[in-house]
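**Q** Residue-level listing of the chains:
2 protein chains.
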Amino acid sequence: MRVTALAGGVGGAKLADGLYRSPMINDLAVIVNIGDDFEHFGLTICPDLDTVCYTLAGIANPDTGWGQSEDTYAVIKTLERLGGPSWFKLGDKDIATHMERTRLLRARNRLSTVTAMLSRKWGIECCVLPASDDPVPTIVSTVEMGSLAFQEYFVKYQYQPQVVEFIFKNASKAQPAPGVLEAIEASDLIIFCPSNPWVSLDPILAIPGIREAVSSKRVIAISPIIGGKTVKGPAAKMFKELGIYPSALAVADHYRSLLEGILIDHADDALAGAIDRMGIKPLVTDTFMRHIPDRIRLAEEAIHFAKRNEQ
Amino acid sequence: MRVTALAGGVGGAKLADGLYRSPMINDLAVIVNIGDDFEHFGLTICPDLDTVCYTLAGIANPDTGWGQSEDTYAVIKTLERLGGPSWFKLGDKDIATHMERTRLLRARNRLSTVTAMLSRKWGIECCVLPASDDPVPTIVSTVEMGSLAFQEYFVKYQYQPQVVEFIFKNASKAQPAPGVLEAIEASDLIIFCPSNPWVSLDPILAIPGIREAVSSKRVIAISPIIGGKTVKGPAAKMFKELGIYPSALAVADHYRSLLEGILIDHADDALAGAIDRMGIKPLVTDTFMRHIPDRIRLAEEAIHFAKRNEQ
Chain P
117 MRVTALAGGV GGAKLADGLY RSPMINDLAV IVNIGDDFEH FGLTICPDLD
167 TVCYTLAGIA NPDTGWGQSE DTYAVIKTLE RLGGPSWFKL GDKDIATHME
217 RTRLLRARNR LSTVTAMLSR KWGIECCVLP ASDDPVPTIV STVEMGSLAF
267 QEYFVKYQYQ PQVVEFIFKN ASKAQPAPGV LEAIEASDLI IFCPSNPWVS
317 LDPILAIPGI REAVSSKRVI AISPIIGGKT VKGPAAKMFK ELGIYPSALA
367 VADHYRSLLE GILIDHADDA LAGAIDRMGI KPLVTDTFMR HIPDRIRLAE
417 EAIHFAKRNE Q
Chain X
117 MRVTALAGGV GGAKLADGLY RSPMINDLAV IVNIGDDFEH FGLTICPDLD
167 TVCYTLAGIA NPDTGWGQSE DTYAVIKTLE RLGGPSWFKL GDKDIATHME
217 RTRLLRARNR LSTVTAMLSR KWGIECCVLP ASDDPVPTIV STVEMGSLAF
267 QEYFVKYQYQ PQVVEFIFKN ASKAQPAPGV LEAIEASDLI IFCPSNPWVS
317 LDPILAIPGI REAVSSKRVI AISPIIGGKT VKGPAAKMFK ELGIYPSALA
367 VADHYRSLLE GILIDHADDA LAGAIDRMGI KPLVTDTFMR HIPDRIRLAE
417 EAIHFAKRNE Q
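Protein chains in written order, with the numbering used here: chain P, 117 to 427; chain X, 117 to 427.
Calculated directly from the structure, the hints in this document are not laboratory data. If you're wondering where the values come from, they're calculated on a predicted model, not measured in any experiment. If a hint is listed, it holds; no wrong ones were tucked in.
A few chain X positions that, by computed beta-carbon distances, are all more than 12 Å from chain P: (1) GLU268; (2) ARG327; (3) GLU328; (4) GLU357; (5) GLU376; (6) ASP381; (7) THR401.
BS3-like mimics (lysine-lysine), calculated; alpha carbons at most 25 Å apart, straight line: (8) LYS193(X) / LYS205(P); (9) LYS356(P) / LYS272(P); (10) LYS205(P) / LYS353(P); (11) LYS237(X) / LYS205(P); (12) LYS237(P) / LYS205(X).
For each residue, glycine too, the CB sits at the ideal point set by N, CA and C.
Build out the structure end to end from the sequences listed, making use of the hints.
**A** Rendered as C-alpha cells:
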C-alpha cells in the first residue's frame with residue numbers, strides 16, 4: 117500500500133514512525149509542516165522536520181520531545197554565559213544538524229534537497245518532504261502580546277498567550293516542494309497524523325495545490341485530542357480560545373470535507389455517533405502511543421480501517 | 117602611556133596581551149585584522165578577533181593557536197558524521213561565540229559593537245576594535261588554484277598554494293570602525309604587533325584613513341620573522357613567493373615609510389646596520405614569546421625603546 121502522511125511534531129512523528137516500521141506499507145512519504153521553521157543565531161531551524169527525521173532514524177530524545185537522544189549541551193551552556201538567549205534548548209548534536217542544513221541551504225540547495233541529503237545520512241528509507249521549499253512562517257496573533265513568531269509563542273512563552281488567529285505568512289505565494297503533489301497523487305491513502313490541526317496540518321494544507329490534491333484522495337485522520345485534552349502541546353487550548361469545545365468531534369469537523377474516517381480514542385466513544393452523522397466514519401481504539409509497538413499498532417489499525425471501508 | 121596596537125592572529129595576540137598586562141600602559145586599544153573573517157555554516161567567524169579576545173581573556177587554547185582552552189568537540193564530530201566540511205576545527209565553546217556574534221549581527225548591531233559586547237562578557241578591560249565594520253575579505257590569488265578565500269587558502273589548503281598577490285576586497289569602500297581613528301589619534305605610540313605583514317596588518321592599513329592616521333604617529337614594529345623564518349604561519353613563505361628574501365630587514369622595508377623603530381631578534385643581529393641605514397631604529401632583543409612573562413617583557417621593551425628614542 118502506498119501511503120502519504122501529513123505530520124507536525126511529536127505525535128505526528130510517532131505515527132509516521134509506526135507507518136514507517138509497518139510491513140503493510142511499501143511506499144511511504146511524510147509531508148512535514150514547515151510553519152515552525154525559524155532563524156536562530158543565524159541558523160535555519162526546522163523543528164518539525166527534525167522531530168520527524170530524528171524519530172524515523174531512531175535518534176529522537178524520548179524524554180524531551182525535541183532534539184536527539186544522548187546529546188550534550190556544551191554550546192548552549194557557553195551561550196548562556198555569553199548572555200545569549202537560551203529559551204530554545206539546543207543540544208550539540210542538534211546544532212550540528214542546523215549548521216549543516218544552513219550550510220547546504222546557503223550553497224543554494226532547496227530545503228527538500230537538503231532534507232533528502234540529511235535523511236540519507238540518518239539512514240531514513242522513506243521520503244520525508246517539507247511541505248514547501250518556500251518559507252511559510254506561522255504567525256500567532258495573540259490577545260496579550262500581539263503577533264508572535266511561532267517558536268516565540270510556542271517555546272519562549274510556552275503557548276500561554278491567548279490566540280486570536282493564525283496567519284500562514286506567504287502561504288498563498290508558496291509552492292508545494294517537489295515531490296509533494298506527486299506523492300499525494302501516487303498514494304492509495306492519505307493519513308492525517310495526530311498533529312495539531314491549527315498549527316501543524318493547516319499550514320501544510322494552506323499551500324496552494326495541497327488541499328486540492330488531498331481532497332481527491334481517501335483520507336484517514338487520527339485525532340490528537342483524547343477526552344478533550346491533547347497528549348502534548350496546545351491544540352486543546354487553541355480550540356477553546358477560538359471558541360470551539362476541544363474534542364475528537366471538533367477535530368473531525370475541522371477537516372470535515374476532507375475526511376473519509378477518523379480514529380478516536382476509547383475515551384471519546386460517546387462522540388462516535390455524532391462523527392458518523394457528520395458523514396465521517398469513526399473508529400474507536402486506543403490512540404495513545406506509549407511505546408514503539410503502539411505506533412505500529414495504531415498505524416496498522418488506520419490501514420486496516422481504510423481497507424475495511426473500501427470493501 | 118596611551119598605546120594602540122595593530123594585530124592579526126597568534127603572534128599579534130600575544131604581544132597585545134603583553135601590552136594589556138603591562139602596568140606601563142594605562143590606555144590600550146587593539147585594532148584587529150578582519151580580512152580573515154568568513155561565513156561558515158551560516159555563522160560569521162572572525163578568527164583574528166577571537167584569537168585576540170580569547171588571548172586577552174586568558175581563555176585561548178595554548179596548544180592549537182586557535183579556539184578556547186578546555187573546549188569540547190561534540191558539534192564538529194556530529195557534523196563530520198553528517199558529511200559536513202570539517203577542515204575548520206570548531207570547538208563547542210568557540211561555536212557559541214560564533215552563534216552569539218551572528219545573532220547580534222543579525223539584530224543589526226555593528227561588528228565593533230558586537231566585539232565590545234562580547235569583550236565585556238569575557239572581562240576584557242581594554243578596547244578591542246575590528247579594523248572596520250564593513251566586510252573586507254582577503255582574497256589570495258594563487259598559481260595552482262586561482263583565487264581563494266583566505267580561510268580556504270590558510271586552513272583548508274594549509275597555505276600550500278603559491279601566492280601571486282593579495283586582494284583586499286572592498287577595502288577602498290570600507291570605513292574604519294568607530295573608535296579606530298580616534299584611538300590612533302589619541303595614542304602616544306602605535307605598535308605593529310609581530311603579525312603577518314601581508315595578510316594581517318596590510319588589510320588593516322588598506323582601509324582608507326588608517327594608514328594616514330598611523331603615519332602621523334610614532335610607530336614601533338616587532339618583526340614576526342626570526343632568522344628568516346616565521347614563528348608560526350606563512351609570512352616567510354609569502355615573502356619568498358613574492359620574490360623577497362624573508363628577513364627582519366624585509367619586514368622593516370615593508371613598513372618603511374611608517375616606522376620609527378623595529379624590534380628584531382638576536383638571530384638577526386647582523387641586519388641591524390642595514391635597518392639603521394634605512395632610517396629605521398633597530399632594537400635587537402629576544403622576540404620569541406614562549407610564556408606570558410615573555411609577552412610582558414617584549415611589550416615593555418618596545419615601550420622603553422620608544423621612550424629612549426624620544427629623549
